[in-house]
Each structure stands twice: as structure tokens, then as C-alpha cells.
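A.B. asks: Spelled out from the first residue to the last, the chains are:
Protein chains: 2
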Amino acid sequence: MSDQASSKHANFIIRSQEPLNGGPPLPALAATAMTPNDLFFVRNHGSIPQIDPAVFRLEIGGMVQRPLTLALADLRGLPRASVAATLQCAGNRRDELSAVAPTPGELPWGAEAISSAVWEGVPLREILRAAGIDTGATHVAFTSSDDVERSGRHFGFGGSLPLAKALAPEVLLADTMNGAPLPAEHGFPLRVVAPGYIGARSVKWLQTITLQAEPSDNYFQAHAYKLFPTDITAQNVDWQGGMMLGEQSLTSVICDPATGAKLAAGPVLLRGYAYAGGERLVERVEVSADGGACWQQAELLGQPERWAWRLWQARIDVPPGRHTLAVRAWDSAAQTQPSEICQVWNFKGYMNNAWHRIAVEAVE
Amino acid sequence: MSDQASSKHANFIIRSQEPLNGGPPLPALAATAMTPNDLFFVRNHGSIPQIDPAVFRLEIGGMVQRPLTLALADLRGLPRASVAATLQCAGNRRDELSAVAPTPGELPWGAEAISSAVWEGVPLREILRAAGIDTGATHVAFTSSDDVERSGRHFGFGGSLPLAKALAPEVLLADTMNGAPLPAEHGFPLRVVAPGYIGARSVKWLQTITLQAEPSDNYFQAHAYKLFPTDITAQNVDWQGGMMLGEQSLTSVICDPATGAKLAAGPVLLRGYAYAGGERLVERVEVSADGGACWQQAELLGQPERWAWRLWQARIDVPPGRHTLAVRAWDSAAQTQPSEICQVWNFKGYMNNAWHRIAVEAVE
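Protein chains in written order, with the UniProt record's numbering: chain A, 1 to 364; chain B, 1 to 364.
Simulated from the structure, these hints should not be mistaken for laboratory data.
Beta carbons: idealized from backbone N, C-alpha and C, even for Gly.
Watch out, some of these pointers could steer you wrong.
[To be verified] Over the 10 Å line for every Cβ pair with chain A, so calculated as not near, a few chain B residues:
1) L20
2) M34
3) I60
4) T135
5) P215
6) V237
7) Q240
8) P267
9) L269
10) G277
11) D317
12) E364
[To be verified] Output of the computed footprint for chain A on chain B, the stretches with three or more beta carbons under 8 Å from beta carbons of chain A:
13) 149-160
14) 180-188
15) 216-230
16) 285-291
17) 294-303
Chain A on its own, in the form it takes in the complex:
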């Protein structure tokens, strides 16, 4: 697996080699509305399968009227669609949570476990219609052909979507990413893209689709990717409890300058991203030069896209000295972000959407 990262840019930051996990430098993330494929973040829990497209078969079963086995050629006759969508790992910005209290055994993501691309493929609902949905089916489960190991057991990564979401037009079985075939790291030959949901539901190297009456019982749906209250720890957790993650929450990040930067005092250009989960849009982004006492509006770049982040920039006056710069966003449901990291701390380190703060020093 030594050349797993071979399709990635020289600046790609690798957080772990096996499984391969990494993301782009933050300034690169804020530079383009759609992230180049060679910089798009990678979140894996197991191997990167090498799949021969000629022998690849997708299995659709469970509570369906006609179980299907489809080759890639069978998909070619189906309608296609594309969507500009942001994917984000539920563990994005975990490093800020881990600084408050440990998040044992979890990857210490900075704010780079998020990227955006234009995905194209067959809407999942075309496949579900072809298979025919049985009465009583309420969830659509996916498994990957990767190889994950947990406690000596080997299995494929999996997760599920509620049926209503699975039938929405934006959910694709994608085979291209920014106009190019899916790279191996991103799920070649076929992956789910579930816009608005945590990245873990956009299953890569898609192998099976199973309609069922309950959410997936795969480890990554039934056990991992659950949100626990702040007073729960690895020691006292009841894994049956906790909230199964689904829709993303509202977040925003300063990508440039970097925390710890030494700047010339005066007007400073801030750049970053803001992302509203679910079907919500980013309506406003605000930045602060004094840690959140006073705010000014940032400029939203580009046009709103239902399923994609919004890049932003702001010029803010920074006098000589040490300062905490902060950002927060507002979404189309008139919601904003929690202010303090400790308000959203959880021992799995998920869904940190507190105000993003960076420490800078301005010199004359």
C-alpha cells in the first residue's frame, strides 16, 4: 500500500498512512469553490480496494421486489445527474475538542476534513425504482468492498440513509468527480454521494445496497458516528444510547491566515469556508477581531448552491498585539453556531461547530 497517496498533490497532508487519511492545507481549501481531486480530503477506515471495472458487480437486495446484480455497463443506460456537493467528516475540527479533553483513539483532524466537488452519476432513486421498494422498507444500507478490521474481525465499511433521503434527487451513485473518473482513494468505480449528511454515509467502493426496516447495523452506523452528551466518556458509555448522526450542522472556518501567524498590523484579509448541513443555505458569515465581542460581515463569494459550502473573505483591522480572530455563520433557518468548544465537546470528537478561533500576532 506504499503508493496509496500517489494520486495526491505534493502539499496533501497525510494524517495516517494505513488506513490512508489526510487533507489539504487550509489555504488551499479556501482557494477554489470546488476542491481539486488531488487535494480532496481522504477519510478511510480500511484498505483502498483495487477493483477491476470489468468484473465489478453492484448487488441490490433486501426489501425489494426484484433483487438486482448490476455491472457498470448496466448503469450506462440509466439517467444521470450531477451535483456540486461538500463532503465533511463528522470528525472535522476534532483537534479543538481534543485540546479540551481527550478523544481517545480518534484521528486528530484539523479543519481540513472537508472538501467540495461536482459529482456525476446515476441518482440512487433510479436504482431503487428499478429494484422496486417493498412496503416496510424505511432505510437504505450500503456496504463497501474495503477491508476494515475491528477487534480481530474483518468487514466492509457500511452505513445507511433514511429512505426519504435515499429517494431525494441529489443522492447519487457517482462515478465521476470534478469531471474525472473517481480516483481509487475516492471510491472507484462507484460511491454514494449523500449531500447534506455526514461524509460517513457517502460510502465508497459501493458493493451492496440493502433495503431494510432499520438503520444499518454496521459498526460505523450502530456504534461509531454517534453523538454523546458531554458527561459521557469511553468509561461509562452505553453504546445503545447516543444520537445516530445524519444531517450535518452549520460550521465556518478561517482557512487563511493560519493560527499562530505573525502579521503586519492593519487591514488583514481573512479567507475561509462556511457550510450549512441538510438543505439549509449559508446566509451570513461574520468575523471578529476581538474573540467575539464585536462582529463584522464577511463577503460571501460565488453563488449559493443548495448542497455546497460558501467560501467567504473579509478585511479586518488588526492593531499591533496578540489577538483572537473568530468566525461564525448564520444559516437559512436563522441559526448560528455555539460559541465555546466546551459546549459541544463529546468523547468521540464529532460535530465540532463552535466558533472557529485563531490566535495571531500583529506587528507594526
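Given the coordinates of chain A, assemble chain B onto it according to the supplied hints.
C.D. replies: Relative to the frame of chain A, chain B by itself:
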């Protein structure tokens, strides 16, 4: 108009007589999942029209293929649906905002400008289908037959929904409320019920439906019910700016005990409501006896309903002394509420969803 409140309960709290505005005492609000009609909050901007159902006509026009004029009898042949839905004024909990800085000319609502009912009527989309939607129509505007006066000009209250929402199955033209005909105060004979959106979009005494390419230009859509940043005031406001309110945000409130209550030290029963706007569900409610440093989970009562609030209760230990009790909720997008009132302050006093706090004194 002296008997405007005649159908209301003796305990109904009247905030203004003309126009009639008021709501129930908070403990009554937390007592039943669906609010009795005689306690349901009332938010008016003008008169309460007295409409003869025999002469009532609903006009559907604008960008439609077949303008329609419908009598109530014409609606009787159409499919019907019901929805358990919470309505909330965007100004709910304004009193907490006004305590930070003035919200000039706005009604000083406590936390009672919210209620829930089972609504029944004709799905709006049935009417829209009957009229036929022209290409280019993207908003559905409503006007009321009430009489609002602003700056000497008289007009009917109005507002609009995006077409996609107007076509959703939960949006009704309701003629009953908790199984009874709509009371005059609540829009007899016909009103819009737009679950998940601010109450102002659920137009009462519905008179016209107009399909158009832009949101309503009615005062209450184009001018009022907009969310401005904290640094904007009545003096420096540009009314073209600000965010047009739509989906409700996540909120939660302690209804019982009341703020200022003197309690026996020891376990105290807290009761209240939590409401997630849009299509989101309330997933968790937490209460704190120390102003938000430590939290414990409340018990969610009843079953989740997509469009209705969730009542909750919690027993919390309160030692002798003065305390600030607090509540916050988490929704199905893994979002929680902002902690401080000042974080959400705006001069119109809308969408206060900061942690709800009450001051109590416990005695031995």
C-alpha cells in the same frame, strides 16, 4: 372589537388589545402536547375580520394557467389532510432580547408566543395543481382580509412561501384546529398552516393566493420579519438588507417553574417545550442547575412528530440558595443553541433561541 378575546380562556394573557395579541401562561403551555384552542397564542397586526362563510371567496391568480375563484363549498370536494404542527411567532422570547438593548416598537413577548395544534384542511398543493403553475413561478404569496394600518396606509397582512415548500404535503389551507372549526381569532374560515416556518407565513383569513417570481412584496415579508446583524439599529438600518426569515430555528424553554420562583431545596421538577424548525426533530434536551456548567438529560415526552414541538420534563437537584436554571436542545442535524442572549440580539427582536434561563431561589 371589545369581545375579540371572547373565545379565549380566562387565564389567557393579553399583551395588546387592538390588535389582539396574547398567549397562555407558560405552565399551561407545557401541560398538553396540543394546545387547547382557547389557550393557543394569538399574533395579529390588524383587525379580526368577521367573515360570512356563505359569501367567502378565495382568489387564486398570478402565474397560473387557470385563475380560480373558490367558495368554501368548492373546497369540500378536494382531498383533505391533517398535521400536528407547532406555530411560533418569530418574536417569541423577545423580552429577553429587549432586556439587553431596546427593540423599539415591538411587542414584548415572553416565551408564550408558541402553541401546537392538529390542523386539518386541504393541502395547498391541491389548489395549486387545480390552478396549474406557470413556468417561472417560484413563490406563492398570500394575503389576508384583515385590515392593517402602517403610516396611514391600510392593507391586508401578507407573506409568501418558496414554491417547493408550498408544494410540500404538510402545508395546508386549514379550516379546523384541534377538531373544531377555526375560531375567528385563528383565521376563520380558512388559513395557511406552513409547518416549520415562522408563524407569519401561516396567513390567517386567507383571501388571495398569488403565484409569482419573487417573494411577497407585502410589508410583513419585504420589510418586517427580517433578521439583521447585531450592529444594525433602527437608526442605521437599510431595509433592503437583512435576511428574510423562513424556517424556524431550534429553541427550548423552561415553562415551569417560573423565573423568580421560591422553591423547596432538593429535587425540582422542570417542565417545558423544545422545538426544532424546518424538517428537523428534537433529539435531546438538557437542563442545568448551575447556569450551564453541568448538564443532565431531560426526558422527552410523547413521540417525535416531524412538525411539532417535543414536551420534556426533568428532575434536577437544587441546593439551598439562588440559582440559574438553564435548558438547551439538540436537533437531528446535531445542532444546539447559542449560549448567550447577546449573541443573537437584533433590533427587531426576532429568533431568540439562546439558552433559556430562569432565576430561582431554593429554601430549606
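A.B. asks: If a hint holds in the structure, say so; if it does not, say that too.
C.D. replies: Against the structure, the hints:
A cut-off of 10 Å between C-beta atoms confirms that B:L20 is not in contact with chain A; the least separation is 26 Å. With a closest Cβ-Cβ approach of about 24 Å to chain A, B:M34 is found to remain outside the 10 Å limit, as its non-interface label requires. Under the 10 Å C-beta cut-off, the non-interface status given to B:I60 relative to chain A holds; the minimum distance is some 27 Å. Even its closest Cβ contact with chain A, about 19 Å, leaves B:T135 beyond 10 Å, as expected for a residue assigned away from the interface.
Every Cβ of chain A is farther than 10 Å from the Cβ of B:P215; the closest lies at roughly 13 Å, confirming the non-interface assignment. In this structure B:V237 is separated from chain A by more than 10 Å, as the shortest Cβ-Cβ distance comes to about 14 Å. The Cβ of B:Q240 lies farther than 10 Å from every Cβ of chain A, with a closest approach of about 14 Å, so its non-interface assignment holds. Non-interface call for B:P267 relative to chain A: holds, since the shortest CB-CB distance, roughly 18 Å, exceeds 10 Å.
Here B:L269 stays apart from chain A, with its beta-carbon at least about 21 Å from theirs, past the 10 Å limit. At the 10 Å boundary, the C-beta of B:G277 falls inside the reach of chain A, the nearest C-beta of that chain being 5 Å off. For B:D317, the requirement that its beta carbon stay farther than 10 Å from each beta carbon of chain A is met, with the minimum near 15 Å. The beta carbon of B:E364 sits about 28 Å from the closest Cβ of chain A, which is more than 10 Å, so the claim that it is off the interface holds.
Counting residues of the segment 149-160 of chain B whose beta-carbon sits less than 8 Å from any beta-carbon of chain A gives 0, not enough to reach three: the coverage restraint is violated. Coverage of the segment 180-188 of chain B by chain A is violated [criterion: at least 3 residues with CB-CB distance below 8 Å; count 0]. Look at the segment 216-230 of chain B against chain A: 3 of its residues bring a Cβ nearer than 8 Å to a Cβ of that chain, three or more, so the hint holds. With 1 residues having a Cβ less than 8 Å from any Cβ of chain A, the segment 285-291 of chain B misses the three-residue criterion, and the hint is violated.
Figure legend: the segment 294-303 of chain B, annotated as covered by chain A; annotation consistent (4 residues with Cβ-Cβ distances under 8 Å, at least 3 required).
In this structure, the earlier hints numbered 10, 13, 14, 16 are contradicted, and the remaining ones agree with it.
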